[in-house]
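For the record, the sequence lines run as chains D and E.
The first sequence begins at 12 in our numbering and counts up by one.
The second sequence begins at -15 in our numbering and counts up by one.
By construction, these hints were calculated from the structure, which means they are not laboratory data.
Just so you know, not all the hints are guaranteed correct.
To give an idea of the chain E side of the interface with chain D (calculated C-beta under 8 Å), a few residues [what the hints assert, rightly or not]: (1) 12; (2) 26; (3) 27; (4) 28; (5) 46; (6) 58; (7) 67; (8) 69; (9) 84; (10) 85; (11) 87; (12) 88; (13) 90.
No experiment lies behind these values; they were computed from the predicted model shown.
Even glycine gets a Cβ: it sits at the ideal position worked out from N, Cα and C.
The lines below spell out each chain.
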Amino acid sequence: GAVVSQHPSRVICKSGTSVKIECRSLDFQATTMFWYRQFPKQSLMLMATSNEGSKATYEQGVEKDKFLINHASLTLSTLTVTSAHPEDSSFYICSARDPSGGGGSQETQYFGPGTRLLVL
Amino acid sequence: SQKIEQNSEALNIQEGKTATLTCNYTNYSPAYLQWYRQDPGRGPVFLLLIRENEKEKRKERLKVTFDTTLKQSLFHITASQPADSATYLCALDMGGGGNKLTFGTGTQLKVEL
């Protein structure tokens, strides 16, 4: 149980274009999902908290107009990187909490496999 | 803000030995602490969660301790195997509700034959 998928796993785009990344909870309903970014040799940095049916909460320093988050259903959150630039190239990872605990605890976050974004 | 330090960037041990990884934190007393495993190019995989009122927790060959006085957690892998080679991350809740996590930079473990 508690499986999270991401799509695509890898994307290459031209500078100035927008890229959408999907995060799905496959076997549970996630009212809260989280989006992280990870640069090489660095740890995960929380970008925003995605809440189903409401606006996302962004961490300090993260531009909400550049990183658009939509959590339209209990199993899907999307992150759109708008007008991508080479400095946006990174590993984007989502996670979700299973309110039922999913065999673990309610605080456990289950992570997707990540999306590697390369902006040329 | 919360600061998390994990000991050394890389730890090499021999197969069969016990690996011990350290996570130290400052500035805040988290209600719980989690350990994750991350393989190259993959998302983290949850391993264990330990709460502030728990001293120790075990799961198969894994053991985690949590010392809120020292502000430290130790993560042990006994009878280590080459398949245990990965980066291990500790994560603390950021407080303020919302179950947001702050991650350490991770310790890369390599188990050699």
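Okay, the hints, checked on the actual structure:
1. 12: 15 Å, violated
2. 26: Since the shortest Cβ distance to chain D is 6 Å, the answer is holds.
3. 27: 4 Å, holds
4. 28: 5 Å, holds
5. 46: 14 Å, violated
6. 58: Where the cut-off is 8 Å and the nearest Cβ of chain D is about 19 Å from residue 58 of chain E, the hint is violated.
7. 67: 19 Å, violated
8. 69: 17 Å, violated
9. 84: 6 Å, holds
10. 85: 6 Å, holds
11. 87: 4 Å, holds
12. 88: OK, holds: residue 88 of chain E within 8 Å of chain D, min 6 Å.
13. 90: Hint on residue 90 of chain E: holds, closest Cβ of chain D at ~6 Å, below 8 Å.
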